[in-house]
Amino acid sequence: MSVQKKKARAGFFIILPSLAFIGIFVYYFIFLTIRTSTSNWNSFTSLLSGEYKFVGLRNYQRLFNDPRFQTDLWNTLFFTLFFLAGCIILGIFLANIIDKKLRGSSFFQNLFLFPMAISYVVTGTVWGWIFAPGNIPTSPQGINLLLENLGWSNLQWMWYTSTQSIGKFNLALIPVIIAATWQMSGYVMAMYLAGLRAIPEEMIEAAQVDGATGTQLFWRIKFPMLRPITLSAMIVIGHMSLKIFDLIYAMTGSGPNNVTDMPAIYMFEQMFRSNRYAIASAIAIIMLIMVAAVIIPYLYSSFRGER
Amino acid sequence: MKKLVGIVLLSVLSFTMIFAQSGQVEIFSWWTGGGEEEALLATIQDFNELYPNIQVINATVAGGAGTNAKAVLKTRMLGGNPPDTFQVHAGWELTDTYVLPGLMEPLTNYLKSWGVYDKFPEGLIDIVSYQGEVYSIPLTVHRSNVVFYNKKLFNEIGLTKEPETWNEFINALEKAKAAGYTPLAMGDKNKWEAGQIAENLMVAEFGAVNYNKLFNGELSFNDKRLDNALEKMVQLMNYVNVDHAALEWQDASRLLYEDKAVFNLMGDWAEGYFKTLGWIPGEDFGWFELPGTQAVFVLISDTFGLPKNAPNRENALILLEYLASTRAQSLFNPIKGSIPARMDADPGDDPYLIQTAEDFKTLIISPSIVHGSAAPEAFVTSFNDAINNLVTTKNVKQAKQMILWAAEDVNLLTD
Numbered sequence: 001m002s003v004q005k006k007k008a009r010a011g012f013f014i015i016l017p018s019l020a021f022i023g024i025f026v027y028y029f030i031f032l033t034i035r036t037s038t039s040n041w042n043s044f045t046s047l048l049s050g051e052y053k054f055v056g057l058r059n060y061q062r063l064f065n066d067p068r069f070q071t072d073l074w075n076t077l078f079f080t081l082f083f084l085a086g087c088i089i090l091g092i093f094l095a096n097i098i099d100k101k102l103r104g105s106s107f108f109q110n111l112f113l114f115p116m117a118i119s120y121v122v123t124g125t126v127w128g129w130i131f132a133p134g135n136i137p138t139s140p141q142g143i144n145l146l147l148e149n150l151g152w153s154n155l156q157w158m159w160y161t162s163t164q165s166i167g168k169f170n171l172a173l174i175p176v177i178i179a180a181t182w183q184m185s186g187y188v189m190a191m192y193l194a195g196l197r198a199i200p201e202e203m204i205e206a207a208q209v210d211g212a213t214g215t216q217l218f219w220r221i222k223f224p225m226l227r228p229i230t231l232s233a234m235i236v237i238g239h240m241s242l243k244i245f246d247l248i249y250a251m252t253g254s255g256p257n258n259v260t261d262m263p264a265i266y267m268f269e270q271m272f273r274s275n276r277y278a279i280a281s282a283i284a285i286i287m288l289i290m291v292a293a294v295i296i297p298y299l300y301s302s303f304r305g306e307r
Numbered sequence: 001m002k003k004l005v006g007i008v009l010l011s012v013l014s015f016t017m018i019f020a021q022s023g024q025v026e027i028f029s030w031w032t033g034g035g036e037e038e039a040l041l042a043t044i045q046d047f048n049e050l051y052p053n054i055q056v057i058n059a060t061v062a063g064g065a066g067t068n069a070k071a072v073l074k075t076r077m078l079g080g081n082p083p084d085t086f087q088v089h090a091g092w093e094l095t096d097t098y099v100l101p102g103l104m105e106p107l108t109n110y111l112k113s114w115g116v117y118d119k120f121p122e123g124l125i126d127i128v129s130y131q132g133e134v135y136s137i138p139l140t141v142h143r144s145n146v147v148f149y150n151k152k153l154f155n156e157i158g159l160t161k162e163p164e165t166w167n168e169f170i171n172a173l174e175k176a177k178a179a180g181y182t183p184l185a186m187g188d189k190n191k192w193e194a195g196q197i198a199e200n201l202m203v204a205e206f207g208a209v210n211y212n213k214l215f216n217g218e219l220s221f222n223d224k225r226l227d228n229a230l231e232k233m234v235q236l237m238n239y240v241n242v243d244h245a246a247l248e249w250q251d252a253s254r255l256l257y258e259d260k261a262v263f264n265l266m267g268d269w270a271e272g273y274f275k276t277l278g279w280i281p282g283e284d285f286g287w288f289e290l291p292g293t294q295a296v297f298v299l300i301s302d303t304f305g306l307p308k309n310a311p312n313r314e315n316a317l318i319l320l321e322y323l324a325s326t327r328a329q330s331l332f333n334p335i336k337g338s339i340p341a342r343m344d345a346d347p348g349d350d351p352y353l354i355q356t357a358e359d360f361k362t363l364i365i366s367p368s369i370v371h372g373s374a375a376p377e378a379f380v381t382s383f384n385d386a387i388n389n390l391v392t393t394k395n396v397k398q399a400k401q402m403i404l405w406a407a408e409d410v411n412l413l414t415d
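Just so you know, the sequences run in chain order A and B.
Per full-length UniProt numbering: the first sequence = residues 1 to 307.
Per full-length UniProt numbering: the second sequence = residues 1 to 415.
Isolated chain A, as found in the complex (with noise of 0.2 Å):
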């Protein structure tokens, strides 16, 4: 046997334990979810009773045809939005501003990323009683009341307990966006400053040198370098709007009439408070549709550039 042989053998024995793990706690579990959302188990009586009766894809119509389960669907999109965009924007205005390596930059750069460090329901929460509109106009909270002490009080709303929405868009989500690109805004931050940073020096001065402006020098130079980081930054920021749950659960609840639900929110009253547990595994799976839309062709490229 040859070492090169020997070698590929000891890896293979070397992950083989991960990969049986992986695939019995991923992908079996995802059979299982696929086999449940197919089935009648909608109460605690027919799940335990044991018995699989197939219905097809009768929860999944059920879905679609539910009215709350279209406002979630509408919801992530509009949130997944203009979630990426605020923090892909923000991000990379940040990292340009650090990047100039002014005085204090780098305390900056640390303050900007601290919010990552902080869990969403944390986050939810105190974004919950900065937005909380208060009894307006007689006795407003939060924003509200600094837009009062300002002499705005024209700008005064309902936010995320308001129930205006243009087109499909609900404007309760407003709030909910800010708070969740206040969340991660840093991160996409760092990521671009790796980014900035990695950019050899000789070609920025060589465009310099060639009289290139500061615009310039963005958008020509170094905005197509970071191409492969606003993929990441998006997958990344991407799939956590998916199934976003924590700070949507704990900064605002589902809203009035489901104006800032989101389908993990619905899976989870349907699964632990409701006990339809077929209903709440085709969301789930409804999901993984969702998330795997937005990954596989990120891992397919990334696949192919390896090759």
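For the record, the hints were derived by calculation from the structure and aren't laboratory data.
Accuracy of the hints is not assured; some may be wrong.
To be verified - Calculated cross-link-like contacts (lysine to aspartate or glutamate; reagent style DMTMM-like; alpha-carbon spacing at most 25 Å):
hint, chain 1, residue 1, chain 2, residue 2
1, B, K400, A, D66
2, B, K394, A, D66
3, B, K177, A, E148
4, B, K397, A, D66
5, A, K222, A, E205
6, A, K53, B, D409
7, B, K308, A, E51
8, B, K74, A, D246
9, B, K74, A, E51
10, A, K53, B, E408
11, B, K260, A, E148
12, B, K275, B, E358
13, B, K275, B, D359
14, B, K275, B, D346
Based on these hints, arrange chain B on the given structure of chain A.
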């Protein structure tokens, strides 16, 4: 030989008796905050004085109205690792989830042998029973059809007597509104708070007897009186604070304490909350039944059941017998701010609790929907969604449709 067998048997028996008096017992609850934790700890301490050899394992899971605890409990029950006894709201919350699949032991015979079966009101025994067997032992009783009011503001806006009819109530709310106060404090961030108001309006509209019939299939939800109740709910929305969706019930009750709101329709745990804030019942705040429900006791009761395969079954029975005793009930409830489920236990010296304990003995008992007593939990979630939709859109027809769907889903729609 016989003698020997007898001796062996006797020693085994006495051994098990001694054994039963020692070891552990696990009690599972979501009593982690405020007076409730205090009450639980005091009760466990008292139990330990009676049975010093039984170690009580206090398994609590924090989270409002037990949402987190229930999730943990379900996982444990499914995984074959039940606690010895657990807290559960009386009625369908237990029946639908654990009794129907056959996970609970009936307790009727124990209650009878302990001589306490007839110490609870019949209406309550009905709620904790399924097909004639009692499945959990009630410890606490709360009432949810009570309106609390700020006495100072009540007098200030020129009210002299507590409203007894719907019109008088609306007039009182109007007066509060005219005086610039929030007439009715509401906080429905968690949805059940609005659902609780709606269920009380249903009791007022249907009457206790017919309301109870809705949940045993004798009366259809497809009834004009449901529309009326929902319309009254919409009417009430004219008088609530605009930020109700951002508040939890404590925040809403606090508005009364801060002299910002006049009325608050909330379960009587709000009474306990007012007392923690430093208010004196009868002096700083008063109370009356929601008009139309004066003859009804809308009940929420914490009970304890015995799961099959409880690891310390003997000790669990000792603990359950203790919880059913007047000693435990008189000790626990005044601290938590509820009244004892046993009619012969001492409710303490709080004027509100004394009056409520009196009502509890005499009035018709109706189970709460949103606290899981009247209907399966699948119905509760959908009912809360329906009322939440109603509060936001004021669309009675749509909300009723959602309730009918919910009823159909759990086989409560009879036509």
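These are the hints, each one checked on the structure:
1. B/K400 with A/D66: 16 Å, holds
2. B/K394 with A/D66: Holds: B/K394 and A/D66 sit about 19 Å apart, inside 25 Å.
3. B/K177 with A/E148: Status holds; Cα separation ~23 Å.
4. B/K397 with A/D66: 17 Å, holds
5. A/K222 with A/E205: 12 Å, holds
6. A/K53 with B/D409: This hinted pair holds, its Cα atoms lying about 18 Å apart.
7. B/K308 with A/E51: 21 Å, holds
8. B/K74 with A/D246: 21 Å, holds
9. B/K74 with A/E51: 19 Å, holds
10. A/K53 with B/E408: Holds, because 20 Å separates the two Cα atoms, which is no more than 25 Å.
11. B/K260 with A/E148: 19 Å, holds
12. B/K275 with B/E358: Holds, at roughly 20 Å.
13. B/K275 with B/D359: Holds, at about 21 Å.
14. B/K275 with B/D346: Distance ~19 Å between B/K275 and B/D346 Cα, so the pair holds.
Checked against the numbered hints above, the structure violates none of them.
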